[in-house]
Every structure is written in C-alpha cells, then in structure tokens.
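Residue numbers (the numbering used here), protein chains in the order written: chain A, 55 to 471; chain X, 55 to 471.
Hints should not be assumed to be uniformly reliable.
Since the list can't tell identical chains apart, any single copy or any two copies may satisfy a pair.
[As the list claims (entries may be wrong)] Result set (EDC-like, lysine to aspartate or glutamate): computed pairs, CA atoms no more than 20 Å apart in a straight line:
1. K120 with D102
2. K409 with E306
3. K224 with E208
4. K105 with E229
5. K446 with D286
6. K385 with E145
7. K105 with D119
8. K144 with D65
9. K56 with E357
10. K83 with D389
11. K258 with D246
12. K462 with D383
13. K427 with E145
14. K207 with E130
15. K413 with D387
16. K120 with E348
17. K224 with E376
18. K200 with E405
Quick caveat, the hints were computed from the structure, so don't treat them as lab data. The structure presented is a predicted model; accordingly, all values stated were derived computationally and were not measured.
Number of protein chains: 2
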Amino acid sequence: MKIQNLIGTRDFYPKDMRLQNYIFSAWRKAAEKFGYEEVDAPMLESADLWKSKGELSEQMYSFMDKGDREVAIRPEFTPSLARMVAQKQKELQKPLRWYGIIRCWRYERPQTGRLREFFQFNIDCLGAESMKADAEVIATTVEILKQLKITPKEAYVRISNKKVLMELLKDIGVEDIESVLKIIDKKDKLSDNDFENLLKAAYKMNDEMVFGIKDILNITSIADLEKLKLNDETRKAVQELKDLFLYLDTYEAKDYCELDLSIIRGLDYYTGTVFEVFDRSRKFRAIAGGGRYENLVADFGGEKCPGVGLGMGDVVLQKFLEEKGKLPDLKKDVDYYVAPISDKVYAQALEISQKLRAKGNVEIDLVGRSLKKQMDYANSIGAKKVVIVGEKDLESNQVTVKNMETGKEEKQPLASL
Amino acid sequence: MKIQNLIGTRDFYPKDMRLQNYIFSAWRKAAEKFGYEEVDAPMLESADLWKSKGELSEQMYSFMDKGDREVAIRPEFTPSLARMVAQKQKELQKPLRWYGIIRCWRYERPQTGRLREFFQFNIDCLGAESMKADAEVIATTVEILKQLKITPKEAYVRISNKKVLMELLKDIGVEDIESVLKIIDKKDKLSDNDFENLLKAAYKMNDEMVFGIKDILNITSIADLEKLKLNDETRKAVQELKDLFLYLDTYEAKDYCELDLSIIRGLDYYTGTVFEVFDRSRKFRAIAGGGRYENLVADFGGEKCPGVGLGMGDVVLQKFLEEKGKLPDLKKDVDYYVAPISDKVYAQALEISQKLRAKGNVEIDLVGRSLKKQMDYANSIGAKKVVIVGEKDLESNQVTVKNMETGKEEKQPLASL
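Please build the complete structure, drawing on both the sequences and the hints.
Put into structure tokens, the structure is as follows:
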C-alpha cells in the first residue's frame, strides 16, 4: 500500500524537525525571557467555539463525532484561550502572561507561505490596561527576531492604533468607517491608482476626501500626528501611541518599529494598538500580527478583561529565514560515538557507552559496521568524539579517543572516561 | 456564550503545562542520550492509512474533508512512521533512530488513565536485526523511568519473545496458537480460575495442556527456559532472549527487567521481542509497551526493514507519578522580578529589566501595584530575586536587590547589573 501525506501538510524528518525546533526554541526563549508561561488547549473543540465569533469558520475542519457533537479542529487559538480564561477567571492571578505553540488546521488552497497544517506561536498578556503591556508584547516579538538573527534592515514591525485612524477618518468626514477600513486593509495589495479608484467608486468620495485619507496614511511619526488639530478622543489615542513608542525605545526595539496607520488587522476584535511584522522586501505576507482587544474574554462567557496578543505562524517565518540564509545547518547532537572494532568487545563498548551517557548523548554501532565505515558514519552525523574500543587497548585498560573537530587521536585510560 | 472543552480532553494551564513539559523533557532527554532524533507527521492523514493495518480504526476520529477525502486524526503514530520510512527509504541512513512526542485522538470511553486526546512518546530503531537494538530501546525506556525518579521497586519492564512462547505452545500440542495467545493476553485481568476455565471451555483442552500452559507462563528465568527440551527454532529464539538480557545487564537496566512469557501485546505486527512497563502494584494499566516488528515498513509500500519500537502514553504515566508523589512542585522560571516603586521610575525600571534579560527571565510590573503587593506577587511566582527601583536609590545610581531565597537585601550599583 502506498499512501502519501495529505496536500498542504508536512512530514518532519529529523532534519526538518531540527529546523522546526530551532524556531520553536526561539519562540520559547523570547517568551520566557519576558515571563510568559506556556499553555495549550485541545486540538478539537465544539465547533460553536469558532462559529460564534471567529472569522475562520469557513476554513474549519469540522465534522460530527461518534457522539453526534459538531466538533472542529482549531483554525486558531484565541477562542480556546478566551474560553480557558473565562472558565477560571476568579482563580487566575493578573496579569496573565501566556504563550503557546499551537498546532492548527485550515482548509485553504496551499501556496507559498500557506499550508493546511501549521504551528502558530501565540502570546497574550491579559489584565493590563496600560500601554506597558502592548510594549511588552511587541518587545517580545522583536526579541524573537533578534533570537533568529533577523536585523531591522530585514524585517520590522508596523504599528498603528485603530482608534487614532478611526477618529482621523471621522474628522475628515468619512461616514462609513468600517467599509473604508476594509479598503485600507487591502491597500498593500493594490496599486496606488486602484486604491484611489476603489475608494472613489465604492463610496462616491470626492478627490479631497481621497487625498485626505492618503495624507493620513502617509503619516510616519508621532510628531506629525501631534501637529494635526486633534479632538480630545483622538489626543488620548495619540498619547497611547506616544507612550507605546517611548517604551519601545527603552526596550531597544525602536529600530525594528515604525508607525504605519494603514495597519488594520482583519480581525474584528482588536480595539486599540494593532501591529504586523513584515519583511522589508515585502516579498512575503505578514510574518506576525497582533493587537489590543477589550471584549474577547467577555464574548466567551467571562468578565470583561483587556488584553494584548500576538500570533506568528511557522510557515512564512521559515520561508523568510530560508530566503535570507538564516536557517542554520543543524547537525544531530551526538557527543560520543562508541566504535567497537569487533563483536568480541561489544559488551565492553556497551558498558563504556552507558558510562559516557552521564556526560552527554552517545551512539553505539548496532549493525556490525567495519571500523572504517563506523568512522564515516560518525563523521556524517557530526559526532564530536569517537571512542574506539579495541581488544589490545582494553588489555591495558584504555581506549582511543578521536576528537572529530581537530582530528587528534589519543589513548585514554578507561577510568578517566 | 459558555462553552466547555470536550469530554476526555484537557486544558493545559501554566501549572499543567509545566508538569506536561516535565514529562516531555524526560522523554526527550532519554531518547537523545541514546542518539534518537525527533520526528513528527501530520495530525490528519488519509483514513486508509489506519484502516488497512491498524487495529484502531474503530476508535478513529474520521470524516470527509471539504475536498471529499476520507481523513482521520491519528489514533497512533506507527503507520505514519512506516509511511515516512517507505517514502524515503533509499536516502535514509540506517539504523534509523527516531523518536516522537505524538499527539493522538481515540474515541473511547474516558476513564482513569484513558482520555480521548493524549500524547504518546514513540521511539523506533529501524534497520538493525541484532538484539542490540532491542536492548537499546528497552534501556532507553528504563532511562525514562530513571529520569522520572521511578525506582525498580515501583515499576518494571516485563519482557518476552513471541517466538519462544509460540514454539513452546506448539511443543505441548496447542494447535490454535492465535486464540490461546488472545486468552493469555487477557490473563492479567482474569482470576486464575477464570483463566483456566476460559482455556478449557474455548478449546476443549484437557487439564494437562492447561497446566502445561501455566507452567510455561510461570517460567521467570532464562536458565529455566534452557532446562527445557528445545528444538532448534526455539533454541534460537531463547538465545535472542539470552542476548537481550545480557545486554540489559551491561546497561545497568537489569533491576528493572523481568522475563515474563505472558506478555503478548495485542498488536499483530510484533514478531519477536515484546515488552510492557507496569507499576509493581499493578494498579494501573500498562505504562508503556513495545517490541520487534519485521513487516511494518513493507506493509506500507516500502522494502522489508526490521525494527524495534516503544510507545508510552502521558496519561497513565502522569497518574502513576502523581500517586507515587513523584510529580515535582514546579514554579514559574523567573530569575528577576523588577519592582518600580512608582510610575515616575518606570522607564528606568524597564531599562533595567531589559538589561537583566541578558542574564535570564525577567518580569516587571504592568498594572501599577504597590511595592508591598509587588513583593507578594514576586513571592507567589517564585521569582529568585527582586530588583527594587526607587527614586532615591536611582539618584545614587543604585537599586536594592532582594534575594528571595535567603531574604537578604543589598544595594547594588546600576553598572553592576
């Protein structure tokens, strides 16, 4: 029987898994540096969890289980997280700093940077109203880029505040804000001309209003924002952005961060800060995205609890790292390869291998290869040292240890191993 | 909206995840010590993969996807592993030493030690015919027990060889071997009387044959096996057991290992060595099980390739560790908690926190708690040190560092952090 893995999915052979773990480990390390703790939820939940709120229910793998419940494989983590918080809200100490490496499925057309099975790194900080939390989440995002050796010239975080944009649009007389936001959300994929025409055609805007919108989107500094005539509401929202950028400066994250009012984030639930990580060349879709939300936990049966979150998928990230030559050439992590020169000394070699395991990872021959073939094999797996166990050496209670990096060989007494 | 997680599933809050990661890390460490490399496959595959061979297709979560393929969430890893090996058999260097921490789903009645979603640790060594491989897999299993501080008095490995048992049964005249194996497989769950009666009733055996079977199952040493009159085939199989136990002795694993010919393992594909890990009190079902197989890869379209494997679920293991008091009281891993005494010094405190991240995991206040409440909070999360940032201290370029283990407080110059 020949069966292939499903389209849009990946097998993780050891070399693939090493790269996957390299990314997972950068995620973990950054999150834990900032005091975030790992969480997870089941892969399968009641389909209602996503149907009621999520925008992804179309792409869900949903079905009836044997007990006649409509269940779905999670297309994202956030609703599960909100459910978990709502279920234990009283006993959980605020702020919650949670992260997860979340396996998800979405039924979409597989293409570059998009697969049906993927992992999404999520961090969420819940229970803090201050921009300190937004800055922390963005600083953690920047820390991930640093861990992966991505410079500010290669990727950056585009940051906005939905309230600022919405107030400014209102100020120039835009009435159907939601619809204009939807067009702005697509701006990156449109030519300048198409963007203008779309605005004009759909909402019968005059040129002045279109130029007004474009002027707003061209603002790239807080200073320029402050020069505008702002009402109280807008001034408060601009202050949020100002605080945020001040904190980011202290985090040494400023080089990675840019104000960009065209960032909308499709998801309805963001209410303030929104941000997306992009490669500078803009060859790939967003590497990550997130923002501040107010109603998520309440939407899932809990008490209202503000939060800030980030999601970063593994697929685009890995493609980007690959293109930039930033994926390391990872070898198997073997400290010692123990090479018995014949089966006669196998038991002693085994004993030696077991002793060496107190010091690290140890492999021993299982298939009776010749010494030459064992040396080739040890070399191919990147073993750091080879311990050659021979009859003569054993008679004088020693072995030959070859350092595979320097090529140096020396006799060592058994007792010293 | 109030939605609960599905029955038979778990939410992993931080404290649950810490315990889960404690177990995962013991699995990883043991596997990597023996040179095993991590692999994984998609959670969802064509349902045919399990229907053709597995014994678990009844318990599968299977359904038609949006592209009209019958797909299933994996109830186990082995068929995916065999598919992966078959797909790249030519380029993969033997022996393959693979491990995986595999998320699985089975539709079963949830009960103690059995959930619908669980993780199964798998190790497989492929391409080695010698008992050296069987010994290595069992030694890795024992290493896991050691990592988890389980003594030989608390749990042990029951080891058999299917060929030995089958030959011995043939020798005393048993004809329907398969059926007798099925009854022996249930022996642990039956009273002595019921076991005898089941054998007698189902196969019209005389007392002599029943006692013969019981005598075989009572054999607990290789020496006793060798005392029997053995044909060549049986002698070869007994020699396998003898080699295996000799190697296990060298691995310092002997205390954990016992010969037990009643071990069958339900799964058809085992052809030689079979083993199961049990708690000595026999309160729980098997903690782990595995054995040698010959035809697995060929069954999935590859060339014949012998292998030895182990599977260990997280649910029984965790229950067992809990009962034995072997689950550690794990705290959040925070090296420094930075406590600004007021918002005026927040920016400086943030700068200090970011500097300290070069040394470890650092948390800082986000919600404006009083110093007293911050100290309580830092204590509750198990922070190792608290760095108190106050205005006066800052004037003389210093902070107060409290060691939370000793309770000692001292001033430290900023430059020294």
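Results of checking the hints against the structure:
Both within a single protomer and between protomers do K120 and D102 lie at most 20 Å apart by alpha-carbon distance, with minima of 17 Å and 18 Å respectively. For a Cα distance limit of 20 Å, the shortest separation of K409 from E306 across copies, 10 Å, qualifies, whereas the shortest one inside one copy, 46 Å, does not. For the identical chains of this complex, K224 and E208 are neighbours neither inside a copy (35 Å) nor across copies (71 Å), given an alpha-carbon limit of 20 Å. For the homomeric pair K105 and E229, neither the shortest alpha-carbon distance inside one copy (29 Å) nor that between copies (58 Å) is at most 20 Å.
In the homo-oligomer, the alpha carbons of K446 and D286 never lie at most 20 Å apart, since the shortest distance is 88 Å inside one protomer and 36 Å across protomers. Proximity of K385 to E145 under the C-alpha cut-off of 20 Å is restricted to the inter-copy arrangement: shortest distance 17 Å between copies versus 44 Å within a copy. Taking the shortest alpha-carbon separations for K105 and D119, both the intra-copy value of 17 Å and the inter-copy value of 17 Å come in at or below 20 Å. Only between protomers do K144 and D65 lie at most 20 Å apart by alpha-carbon distance; the minimum there is 16 Å, versus 41 Å within a single protomer.
Taking CA atoms no more than 20 Å apart as the test, K56 paired with E357 passes between copies only; the shortest distance there is 12 Å, against 52 Å inside one copy. Taking the shortest Cα distances, K83 and D389 sit within 20 Å of each other only across copies (13 Å), while inside one copy they are farther apart (24 Å). Only within a single protomer do K258 and D246 lie at most 20 Å apart by alpha-carbon distance; the minimum there is 17 Å, versus 88 Å between protomers. In this assembly of identical chains, the alpha carbons of K462 and D383 never lie at most 20 Å apart, being 24 Å within a copy and 46 Å across copies at closest.
Proximity of K427 to E145 under the C-alpha cut-off of 20 Å is restricted to the inter-copy arrangement: shortest distance 17 Å between copies versus 60 Å within a copy. In this assembly of identical chains, K207 and E130 lie within 20 Å of each other by CA distance neither inside one copy nor across copies; the values are 30 Å within and 45 Å between. Taking the shortest Cα distances, K413 and D387 sit within 20 Å of each other inside one copy (13 Å), while across copies they are farther apart (25 Å). Proximity of K120 to E348 under the C-alpha cut-off of 20 Å is found in neither arrangement, the shortest distances being 37 Å within a copy and 34 Å between copies.
In this homomeric assembly, K224 and E376 never come within 20 Å of each other (Cα to Cα): the closest approach is 43 Å inside a single copy and 59 Å across copies. In this homomeric assembly, K200 and E405 come within 20 Å of each other (Cα to Cα) only across copies, at 17 Å, whereas the closest approach inside a single copy is 43 Å.
The structure fails hints 3, 4, 5, 12, 14, 16 and 17 (numbered hints given earlier, in ascending order).
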